[in-house]
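We have chain A; now place chains B, C, D and E onto it with these hints.
So you can see what is in the structure, the chains are spelled out below.
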Amino acid sequence: MSSEIVNCAAYLNGKRISNFEISNITEVLQTPDHFVWLGLHEPSEETLVFIQEQFKLHDLAIEDAHNAHQRPKIEMYGDILFAVLRTANLNKTNHHIELGETHFFVGPNFLITIRHGSTISYSDVRKRCESTPHLLEKGQGFALYAVMDAIVDQYFPIVEILEEDLQKIEDKIFKEKPTRQTTEDIYQLKRELLDVKRAVSPLIDMSNRLMRFDITLISIETQPYFRDIYDHAIRINEMVDHARELLNTALEANFSLISISQSEVSKKFAGWAAIIAVPTMVAGYYGMNFKFMPELEWHYGYPAVVLFTVSLCVIIFFLFRRSGWL
Amino acid sequence: MSSEIVNCAAYLNGKRISNFEISNITEVLQTPDHFVWLGLHEPSEETLVFIQEQFKLHDLAIEDAHNAHQRPKIEMYGDILFAVLRTANLNKTNHHIELGETHFFVGPNFLITIRHGSTISYSDVRKRCESTPHLLEKGQGFALYAVMDAIVDQYFPIVEILEEDLQKIEDKIFKEKPTRQTTEDIYQLKRELLDVKRAVSPLIDMSNRLMRFDITLISIETQPYFRDIYDHAIRINEMVDHARELLNTALEANFSLISISQSEVSKKFAGWAAIIAVPTMVAGYYGMNFKFMPELEWHYGYPAVVLFTVSLCVIIFFLFRRSGWL
Amino acid sequence: MSSEIVNCAAYLNGKRISNFEISNITEVLQTPDHFVWLGLHEPSEETLVFIQEQFKLHDLAIEDAHNAHQRPKIEMYGDILFAVLRTANLNKTNHHIELGETHFFVGPNFLITIRHGSTISYSDVRKRCESTPHLLEKGQGFALYAVMDAIVDQYFPIVEILEEDLQKIEDKIFKEKPTRQTTEDIYQLKRELLDVKRAVSPLIDMSNRLMRFDITLISIETQPYFRDIYDHAIRINEMVDHARELLNTALEANFSLISISQSEVSKKFAGWAAIIAVPTMVAGYYGMNFKFMPELEWHYGYPAVVLFTVSLCVIIFFLFRRSGWL
Amino acid sequence: MSSEIVNCAAYLNGKRISNFEISNITEVLQTPDHFVWLGLHEPSEETLVFIQEQFKLHDLAIEDAHNAHQRPKIEMYGDILFAVLRTANLNKTNHHIELGETHFFVGPNFLITIRHGSTISYSDVRKRCESTPHLLEKGQGFALYAVMDAIVDQYFPIVEILEEDLQKIEDKIFKEKPTRQTTEDIYQLKRELLDVKRAVSPLIDMSNRLMRFDITLISIETQPYFRDIYDHAIRINEMVDHARELLNTALEANFSLISISQSEVSKKFAGWAAIIAVPTMVAGYYGMNFKFMPELEWHYGYPAVVLFTVSLCVIIFFLFRRSGWL
Amino acid sequence: MSSEIVNCAAYLNGKRISNFEISNITEVLQTPDHFVWLGLHEPSEETLVFIQEQFKLHDLAIEDAHNAHQRPKIEMYGDILFAVLRTANLNKTNHHIELGETHFFVGPNFLITIRHGSTISYSDVRKRCESTPHLLEKGQGFALYAVMDAIVDQYFPIVEILEEDLQKIEDKIFKEKPTRQTTEDIYQLKRELLDVKRAVSPLIDMSNRLMRFDITLISIETQPYFRDIYDHAIRINEMVDHARELLNTALEANFSLISISQSEVSKKFAGWAAIIAVPTMVAGYYGMNFKFMPELEWHYGYPAVVLFTVSLCVIIFFLFRRSGWL
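Protein chains in written order, with the working numbering: chain A, 1 to 326; chain B, 1001 to 1326; chain C, 2001 to 2326; chain D, 3001 to 3326; chain E, 4001 to 4326.
Okay, chain A solo, but in the shape it has when bound (with noise of 0.2 Å):
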């Protein structure tokens, strides 16, 4: 069970009082004024039925807690808060975006959280409130809204990649060929944008209800903070719609200047296929067997016609090329 359990501390005033080993959990929950942070990781179905007896969780939300795959949500069981939150997490060899989760369990004096998948431990967060005593004394609410701002905040550096790459369709579009990878690339930018939309989206709600809440477990000066966590999920929001926007349109130019390159190979094709096809014919007349036709016999014919028929493809040529067409 030991490695489940990342982080298991109880606090007082906004100071680390103990860490405690997770099965003497019922007494600790008895000290009064402390608050329990306890941390786990991709927990296994007993410890998770061991923590739904401690802490008296719903069901339901156990449920959700061991199942993976939830969408971003927030609930209140009787007094005891239950959210999730989808985490994102930038592979820095491959470009991806790796998907996890985490799920949150507010009491009247506990915070739990559950890591699920690809996430980054909040061994720092809980590290950071820990330097600020001062804020982390308003309770569990403070330290709810550290890791979820942690979680918000990883989102802003995977938008500005996902940017980046609509800046380099855009410079494939405009300044090269079109190819089918440019066409490729949009549908995977597309793909990946609408995954964000999805993990992000949730939460401006979530956030905005946070903010109003009127239940114990969230005090009043934790409010703005929360706000400021909606004010994020906005921007970060806003930022994709803007991304996906500029991604149709880009979609519908790249099509324009696909068929206007197509245009432009019908026009090089009759081009060249007139500069051919003229002394073709040109060569066919002289080739007729007609008895009579004078200009076989003189001595300068043939490179009279030969000089005649390259100046026409000159002539020709340079008419092409004045209307565009070469």
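Calculated pairs, BS3-like style, for lysine-lysine (alpha carbon to alpha carbon, straight line, at most 30 Å):
#  : chain 1 : residue 1 : chain 2 : residue 2
1  : D       : K3172     : C       : K2177
2  : A       : K177      : B       : K1267
3  : E       : K4073     : E       : K4092
4  : E       : K4015     : D       : K3056
5  : B       : K1177     : A       : K172
6  : A       : K168      : E       : K4177
7  : E       : K4172     : A       : K172
8  : E       : K4268     : E       : K4175
9  : D       : K3268     : C       : K2268
10 : E       : K4168     : D       : K3092
11 : C       : K2172     : B       : K1172
12 : E       : K4056     : E       : K4138
13 : A       : K15       : A       : K127
14 : B       : K1138     : B       : K1073
15 : A       : K175      : E       : K4172
16 : E       : K4197     : D       : K3073
17 : B       : K1267     : E       : K4268
18 : A       : K127      : A       : K138
19 : D       : K3177     : E       : K4168
20 : B       : K1197     : C       : K2168
21 : A       : K175      : E       : K4092
22 : D       : K3172     : E       : K4177
23 : D       : K3268     : C       : K2175
24 : C       : K2197     : B       : K1197
25 : A       : K268      : D       : K3177
26 : A       : K15       : A       : K56
27 : B       : K1177     : B       : K1267
28 : B       : K1172     : C       : K2177
29 : C       : K2073     : C       : K2138
30 : A       : K197      : E       : K4073
31 : A       : K268      : C       : K2267
32 : B       : K1092     : C       : K2168
33 : E       : K4138     : E       : K4015
34 : A       : K138      : E       : K4056
35 : C       : K2073     : C       : K2197
36 : C       : K2172     : B       : K1197
37 : B       : K1138     : A       : K56
38 : D       : K3168     : C       : K2177
39 : C       : K2127     : C       : K2015
40 : C       : K2197     : D       : K3168
Treat the hints as calculated values from the structure; they're not laboratory data.
Note that the structure is a prediction, hence the values are computed from the model and not measured.
Frame of chain A, contents of chains B, C, D and E only:
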């Protein structure tokens, strides 16, 4: 009448007290503290009329219950709740989604389920409920939840299969040549996504209303369970919307790639046309009948021309290859 | 005046008491507990003025009732309800949808229906109402429901026919060659769907308001009936939206297939051009007039060349066939 | 100053009492129970300053009234209502829509209308009002209604002309060959529809607010009249939306038909190319210089070849015709 | 620190009482009935910390004020209002829109403005305010309005220039040949419209909230001024939406015209190909080596053939011209 009556039992404190004949329903309904759970499958009009009299159901609700093809909805007739849900079943042999319907009547001391079309039997759900009497004793509201939950959970595997279909279509679009079949597949997938959406999206509002209902039919402890259904409905809905938005982009990407591949056809054609047209023109020249064409007299004139045109063709070939036309 | 007055009767406790002449209306309206059901068809201005005086209707409502081409709406003028509904009728000979309108005035003791344009007569509805006096005794609100219900139910067969039209268009798109007609059919179907939508969608809001109205005109027992109309309006609306969304996708799919079939034309053309161009080039070669072309002297030179080019063409043919160009 | 003052009169009980000079306005405004109806046309800044002082209007409203190019809106400054409406006028010579604006100030005992740009004069409206004193005695609220109604009713013929334009575009799309002009016409119609929409859609909200206003400026009996304007605004808006949605589909249908007609060009070209290429190839064959080509020696070789190639061309022609390429 | 402090003055009854050093701020803030207007430009972190202490500003607001790149918003921290606005500036040399930000703190007796990036100085606004002491005496709320109004009014010329750009694009689309540049211009204009929209659309909600705020910071007489900003924000927003919808249609129209012009290329090519192919075929015929071809022996055979083919070409030319292919 017996084949339409799938199940007919009375419950007390979450435990099944008795199976009974439908004809004895009057006296069973008068036993205090009991609730009756009656399961019907495509009942005849007479059965419905009999049921209506016994349970005092509203004319309009019975009319709806008789005609399948209702939209999912929830309605109160006096103190009796009438609900309609669409059910979906994946036919594993032909990969088609088969739709059905289930209607519910929930009264002060009864739950009636009426199945139409392709639906699974609810005997498994009933067994599961009976195995947790501490939950079932919350009353017919919990039984309603259990059936609705079973119905909603059937949509997850269906949406997953539709997501796999989308994945296959993506592979076809980006890795294979554009075909008519791909376009038709996109259209059919769109149709199926719309069908699922139509069945599931009203569930969001329905479960939302059920989890807030201030009626005695659904006890306060049962409400979080309906929130669970609400949550599942939102998730399915979101998955469908996600797939639809991607599918729309896929349709446009497909279209771009059709254009690109048409452009490639034009380029290839132009390239090969040039390779054939040039030697044809040269041959035409030496087919002219001028008296004085010195080359025609040369001993190696013929092989020289052949060599010349072959070289020309090779050069043209590599020029086109370099510029990506061949 | 008589041809405009389709029906004029007084009801007591859900039973028809008397048919009477419109000129006697004043005294009939003073009889307590009676309600008058008056049916008009495209009334003249004088008739409307007479009606207005007798029933004390508002100027603006009468103005609307005189001009057809109102949008569906519901309005209260004092204690008199004025409603407008669009009616649709499928002309079975030319498969066209014919639109009409019906206006309603509902007062404390009367119901007036005014039909404009292509609408069915409501005498059937009246008969059906009179056959269920226990329902009709709920008053003029129930009679209003009965007529509205008849109007709304007429949209179901129309939408089903439009869905069949969509099915036919799908077959044309995916099973036949793209034609101008298919594109025009898509456009016309879109137009008809929009017409039905425009007629039906205001009904949702109207019936919603009627089922919540806190006025004495519509008794509480009648309200579930308006919920039934609400339900039907939502279903029709949903069917139309579903068809529209599919139609939009069909338009795009059609467009993709036009492009694919154009691509196929190009490929076929290219293939056959190659098959003709190659022997033409070969023939040109042996048409050159070089003095020293040993093949020309060979006895079997000619059949050899014919055999060679025919073989070449066959090979090219199979190469193109294999790569799907022919 | 006189040319800007179109009309200036005092009313008592719905009847015009006196026309007076604007300079006497102060005493007229002090007469009890009277209301003043003042009509201005593009007033100068001094006039506006004079008016502002007399009627005690707010700085910001006067600023707006001076600058045309406001959006339609309704605002309360203390107990004075300020409203802006866009007016439209169909120039019958060049079929262009000319836009103007009218601003309104409504106070406890006055109505001021200020016209800008291309608008009709409101003297007709004033006469109509004066001919129904029983309505006009409802006060300046009714006069406001009368002018607004006249403005809104001017949009109906305009939208009908735009609908006719759409009809003409449909005919061009489906019955004629695709041209650049059709595409430009679609674009221009879209622009005009957007202009009308922009002028009319704020009216819905404005009239909705006016029909609910709990202020003494608009008496309760006048409110149904604003509901009438609300109704007209919704109808115009709906007509515009309908035309816009059809126009979008028309644009896409137009595009499909451009592609189809391009496809037809390709097919026709391919067909005729084949008909010319085949005899050219045959002629090339008999132009070869082989010593031993028995056909060349035949007496009827030449006519036989001509007959053969002509027959071949005829066969090809009918093959292509049957498959719809020619 | 002095270069960051643009302006620092105290006001009493709308009149500037004193300019003072920022270091004396503590005592100035204690003078009753005064309000302090402080203007900063990209302040350093120390300055902000100093300001925070003096004015008792919230940590989170100061953090936001330090980081530019906030979204426009309005937030209350206790009785202090914090607002962020995006500013836009048209660089007249390169026609680019340069974006900046301005942050506001409004407290019981102060207004602080903090400018970031490319923004105009607000000294002009300050002067204008000081020239109307009867307005400025409404307090810091009016000063806030004056600065916001100046910021919003800067968007009008920008949107007008974007509308002119749209006009230029329309001319290019409908009067010139389709080019890659036009497509790129459409894309860039879309991007700029989105940027303006992103900066302006939050202003609607912000000014709406300010004109309803039930706080003492903004006096009731100041509220109509914020309604004026609300009105301007809506107008700018509407202009941008209008331009965006037209631009989308322009993109599609552009695409249609690309297709039409491609079609014209194909037709022209086909026409000229026919004019060249026919004489080539004829020449090929008389190049056949049949022994018995009577025409070859005719004295005027050659000129007859030349005349015949030239006439044929002329006929073909006019046929194609008539049908619009040339």
